[in-house]
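Chemist: Since each chain sits alone in its own frame, please combine them into the complex, following the hints.
Chains A and X, in that order, are what the protein sequence lines are.
Per our numbering, numbering through the first sequence is continuous, rising by one, with the last residue being 342.
Per our numbering, numbering through the second sequence is continuous, rising by one, with the last residue being 260.
Treat the hints with caution; some may be incorrect.
Unchecked claim - Coverage of chain A stretches by chain X, computed from C-beta distances (three or more under 8 Å per stretch; other residues unrestricted):
id: 1; segment: 252-262
id: 2; segment: 279-290
id: 3; segment: 293-302
Claimed, not checked - For lysine to aspartate or glutamate, the following DMTMM-like pairs were computed, each having C-alpha atoms within a straight-line distance of at most 20 Å:
id: 4; chain 1: A; residue 1: Lys252; chain 2: X; residue 2: Glu91
id: 5; chain 1: X; residue 1: Lys102; chain 2: A; residue 2: Asp70
id: 6; chain 1: X; residue 1: Lys153; chain 2: A; residue 2: Glu288
To be verified - What the simulated footprint calls covered on chain X by chain A, stretch by stretch (three residues with Cβ under 8 Å from a Cβ of chain A suffice, anywhere in the stretch; the number is not a length):
id: 7; segment: 41-52
id: 8; segment: 68-76
id: 9; segment: 183-189
Worth flagging that the hints you see were computed from the coordinates, not collected in a lab.
All values reported here derive from a predicted model rather than from experimental measurement.
Each residue gets a CB set at the ideal place from its N, CA and C atoms; glycine is no exception.
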Amino acid sequence: MAALAIDAEAWRYSARAWQALHAQEFVAASPVAELPQSLMAAFDWPQTRTNRIVFVNGEAQADAEIRLRDGERLHLVFVNMPAARAARWRREFAITLDAGSAEIVEQHIGVAGADVLGELDSQLRIGAGARLRVVVLSDLPDSVSLRRSERIVIAADAAYASHHALFGGRLQRFDLDVAMAGARASYLARGVFMPRARQHIDVHLDAKHAVGDTRSDVAWRGVADGRGRGILHGAITVAQGADGADARLQTKNLLLSPHAEIDAQPVLEIYADEVKAAHGATVGQLDERALFYLRSRGIPFATARALLIGGFCREAFDGIADGDLRAHMDALLDAHLAQVVA
Amino acid sequence: MTMLKIDNLHVRVAGKEILKGLSLAVNPGEVHAIMGPNGAGKSTLGYVLAGRDGYEVTQGRIEYDGKNLLELEPEARAAAGMFLAFQYPVEIPGVNNTYFLKAALNAQRKARGEPELDSMQFLKRVREKLAVLQLKEDLLNRAVNAGFSGGEKKRNEIFQMALLEPRLAILDETDSGLDIDALKMVADGVNAMRAADRAFVVITHYQRLLDYIVPDFVHVLADGRIAESGDASLALKLEEHGYAWIAERKLAGHTVAERA
Numbered sequence: 001m002a003a004l005a006i007d008a009e010a011w012r013y014s015a016r017a018w019q020a021l022h023a024q025e026f027v028a029a030s031p032v033a034e035l036p037q038s039l040m041a042a043f044d045w046p047q048t049r050t051n052r053i054v055f056v057n058g059e060a061q062a063d064a065e066i067r068l069r070d071g072e073r074l075h076l077v078f079v080n081m082p083a084a085r086a087a088r089w090r091r092e093f094a095i096t097l098d099a100g101s102a103e104i105v106e107q108h109i110g111v112a113g114a115d116v117l118g119e120l121d122s123q124l125r126i127g128a129g130a131r132l133r134v135v136v137l138s139d140l141p142d143s144v145s146l147r148r149s150e151r152i153v154i155a156a157d158a159a160y161a162s163h164h165a166l167f168g169g170r171l172q173r174f175d176l177d178v179a180m181a182g183a184r185a186s187y188l189a190r191g192v193f194m195p196r197a198r199q200h201i202d203v204h205l206d207a208k209h210a211v212g213d214t215r216s217d218v219a220w221r222g223v224a225d226g227r228g229r230g231i232l233h234g235a236i237t238v239a240q241g242a243d244g245a246d247a248r249l250q251t252k253n254l255l256l257s258p259h260a261e262i263d264a265q266p267v268l269e270i271y272a273d274e275v276k277a278a279h280g281a282t283v284g285q286l287d288e289r290a291l292f293y294l295r296s297r298g299i300p301f302a303t304a305r306a307l308l309i310g311g312f313c314r315e316a317f318d319g320i321a322d323g324d325l326r327a328h329m330d331a332l333l334d335a336h337l338a339q340v341v342a
Numbered sequence: 001m002t003m004l005k006i007d008n009l010h011v012r013v014a015g016k017e018i019l020k021g022l023s024l025a026v027n028p029g030e031v032h033a034i035m036g037p038n039g040a041g042k043s044t045l046g047y048v049l050a051g052r053d054g055y056e057v058t059q060g061r062i063e064y065d066g067k068n069l070l071e072l073e074p075e076a077r078a079a080a081g082m083f084l085a086f087q088y089p090v091e092i093p094g095v096n097n098t099y100f101l102k103a104a105l106n107a108q109r110k111a112r113g114e115p116e117l118d119s120m121q122f123l124k125r126v127r128e129k130l131a132v133l134q135l136k137e138d139l140l141n142r143a144v145n146a147g148f149s150g151g152e153k154k155r156n157e158i159f160q161m162a163l164l165e166p167r168l169a170i171l172d173e174t175d176s177g178l179d180i181d182a183l184k185m186v187a188d189g190v191n192a193m194r195a196a197d198r199a200f201v202v203i204t205h206y207q208r209l210l211d212y213i214v215p216d217f218v219h220v221l222a223d224g225r226i227a228e229s230g231d232a233s234l235a236l237k238l239e240e241h242g243y244a245w246i247a248e249r250k251l252a253g254h255t256v257a258e259r260a
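For reference, chain X alone in the conformation it holds in the complex (with noise of 0.2 Å):
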């Protein structure tokens, strides 16, 4: 069945129209990049889907799991599991990481009646994640995102991925402003959870990270709606003709379709 379906979606964000018509379906196992120039409406997308308030959706509408989206709390999208990393992730003095993150694991837990872990069983899961992208244990002592550094933000965005373990993660161009080798620590932490009931949207601006994550299908979003789509090598075309050519091909389409 289809895990995440987006029909048509018109989305205004401050009375501007960023959306105007975007569909998208998304199978369990599968990953999908959604690329496009600045202004697109990449990180509307993200945000629409993680339910941030101001996102107004004026048509369309977004199945996940069979059900309306649109209904759901953020908190509530995120115990049926979804997950959204951000693009800027909000830094948050006074509050605790470790604490922040027993208490998202054991809400969303809870919200799906299973057991809420333990001290020992939370932070011998921690540790297990934290190896893999090789965060330092001290991480969890500070404050959430309070004084670390652009890398470290990105890294604990998918560190705190691979402790909820969503069905379903929105990666909202997590790989702008990393350096090389942070940039593999992500792709090999996302790879590591690639699975046949997961699926991913990787939102990004550049073609670099699809060399370690390599998706399943890349969308080019371009004014608000998917105007190409495509496999991986897609990202490798665009990558070579520049965004400029999507808008030349289709202003072309139009043309053709008209004198028919």
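Only chain A is shown next, with the shape it has when bound in the complex (with noise of 0.2 Å):
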């Protein structure tokens, strides 16, 4: 990958992290790899056992595009396994959904030790009339980078629904190119993520009203403690003749530590007339009304403090209509907010 240029605002864009990465010597990762029993527990859930596939270091026994059935529930595990030196992999797939209704779970894990640096290109298609919902549980160790690439085209009446959960690794980078390409398509997505210690997450948003009528929702949430850093780039762009359209963008975030850092960038790029576009950003602390009422209750300090952070956080969880899937991220998110309240 070519270095990323470096500009005024570079610091905001995780360009330096990735040079100080690049810098690094990696070695090819090996696909082979003996998955360690505490590792399958993290994905080998009984529900979606007929419908897995498991990448190691970005290598699976699959096709290079995926064509999704109407009602299939496909569960996609990419896991990053270190060797003996830093080594890097690489993986490029696509997905289509013609028509009906689909899910699909995508799941990023990692074992601890040397260095791993997996990227990601991926390209989805939904087909006119078509629903995916996909959930995104990225769960890493601080030894894993990660840099996904996402290219996503909603036809005309096509809904697209995402929910992201992103927590850990040394730098997660998510860039996602959303294309509503047909009237009527709508995305939705809803996302948290949480940087702490010297952990760096980076997620950047294109989506493009390409014609009338199409709607796009997306909230993200932050939590930054520590030194952790999170960025939040959001572009949403409303075509010329795209009247109609209905866009929002809101991310909220929270600061833990007077070292930890959120940058969010909202930006509306509008050539239609008659669009209907909202956008809001707030980076703040935990409200101290709230702290005070939980305590008055009876609450301890930091467990009121962890209720805080996690119903902040919860609040990109809703509308995740599968227990078993939405009691898995609440595990998550607990045992990540065990780790900053700590």
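Modeler: Written as structure tokens, this is what we have:
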């Protein structure tokens, strides 16, 4: 990958972190590795056993292009396994849903050890009238860096809804390019990220309303602790003539330490005449009134703090209908909360 | 023994002195009403008792059960039986009401060395208390106060009080913003809890609430201290004459003293 250019705001957009990573030498990661039992437990859910693809350092027995059937539920697991030396892998894949509705659970996990750098390029095509729901769970050890680059094309009357939970890793960068290509295409995204220690999580969204009567609704929550750094750059473009488009972009962020940093940048570019567009970004600290309210009811300080941060994040999980999956996300959140309030 | 003893309390908030020598004694079983005009320091009193940050005690002391209350963290005060019904209950999106209530009740019980309640025991207790305040059970599945109407928030405060069974409850303008039906429900909730070992401090701006929660004592708080104390009839006089009446009487008193 070519080094990213440094511009005046490069520090915001992880260029430096990437350059530091690329200054490092990597060997090609091995796709053959024995997965430890503890890691198996993180993804081996009975409900998804029949339709699961496990990629080890980017390799799996799978077609480069996957076509989803109506009613299908696909579990994709990307495992980052360290070698003796720093290693990297890269994978491309494409998924198409022509019609009907389907669901994807995409999981990124890893084992701590020597550095691993993964790069994943994917394309999603959602055909006219189809409905795709995606849940992304990323829970990485500090030795793993992951760059995901995703292009999504949503056809007329199609709907794409996604929930993202990004935790851990040395550096996670998620570039998302979404095109609402047909009339009444709809794009919904909810996400939460929580960098702590020296972790760096960077989300770049570029969503385009190419035609009229399309709808986007994006809301992300960020929590940063320690020297953690989070970035949410959300650009929404409404093309000329795309009248009747409805675009919402909201990001709310919480800083738990004086050295934590979150940069939130919503950008709306509107070239059409009749559109509805709303965006907002906040970065703040825990609400002192809420903290006092909980404590005045007898809840100890640390517990009250965890409750508030958890509540702040959990709003991003609203709308996940699957109880088992929701429970898994809640547990993952709680495990990471325990580390930021400890 | 006196449950709450406030002696010559001076409190500063954001550099401004709000309470200027307030003294008050509350015994178990008593209901005290604190009335007073806006800005007299009524809510400050509630917050200082509950232990909110930013309320600096510059002089005086507060004893609760013979111990220095000011040394206790807010959660320790709650575990010791103190409860503040907030004038403006805080909305906490994303935190489930049932989870919050169970966490609060069990944290208090744990701090007191009592066994924690399991889910069945907890829900049984919750349902009993909901019925008294005519609150719907779906309130339990919502986030704490989020999207509640003003009346629901106030009734939720009294519901929490009923559930937590405090020994000293401070009600900070619980009547404000309530219609007459909600006011009666709140009063019923309070009256049902009146007991020989429990005390109430009812902070209010209007006499109306005291028609339903009849106090043993009424105190008028003006300019940071208790300007006048009496029985329930004092509230009626205030309703008739207004708060200016207290100020005038005080002024007259001073004049006499100076002449003598």
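Chemist: Given that the segment 41-52 of chain X was listed as covered by chain A, double-check it with a C-beta distance under 8 Å for 3 or more residues.
Modeler: holds (count 3)
Chemist: Three residues or more, CB to CB closer than 8 Å: is that satisfied between the segment 252-262 of chain A and chain X?
Modeler: violated (count 0)
Chemist: Count the residues of the segment 279-290 of chain A whose CB lies closer than 8 Å to any CB of chain X, then report whether that count reaches three.
Modeler: holds (count 4)
Chemist: Would you check the hint for lysine 252 of chain A and glutamate 91 of chain X, treating anything up to 20 Å between C-alpha atoms as holding?
Modeler: Distance of about 16 Å is within 20 Å: holds.
Chemist: Cut-off 8 Å, C-beta pairs, minimum 3 residues; does the coverage of the segment 293-302 of chain A by chain X stand?
Modeler: Coverage by chain X holds for the segment 293-302 of chain A (9 residues, Cβ < 8 Å).
Chemist: If you draw a straight line from the CA of lysine 102 of chain X to the CA of aspartate 70 of chain A, is it 20 Å or shorter?
Modeler: With a Cα-Cα distance of about 42 Å, the restraint between lysine 102 of chain X and aspartate 70 of chain A is violated, given a limit of 20 Å.
Chemist: Has the segment 68-76 of chain X got at least three residues whose CB is nearer than 8 Å to a CB belonging to chain A?
Modeler: Check passed, 3 qualifying residues.
Chemist: Is it true that the CA of lysine 153 of chain X sits at most 20 Å from the CA of glutamate 288 of chain A?
Modeler: holds (19 Å)
Chemist: Report holds or violated for chain A covering the segment 183-189 of chain X, Cβ cut-off 8 Å, minimum 3 residues.
Modeler: Answer violated; 0 residues pass the 8 Å Cβ test.
When held up to the earlier numbered hints, the structure conflicts with 1, 5 and 9 and fits the remainder.
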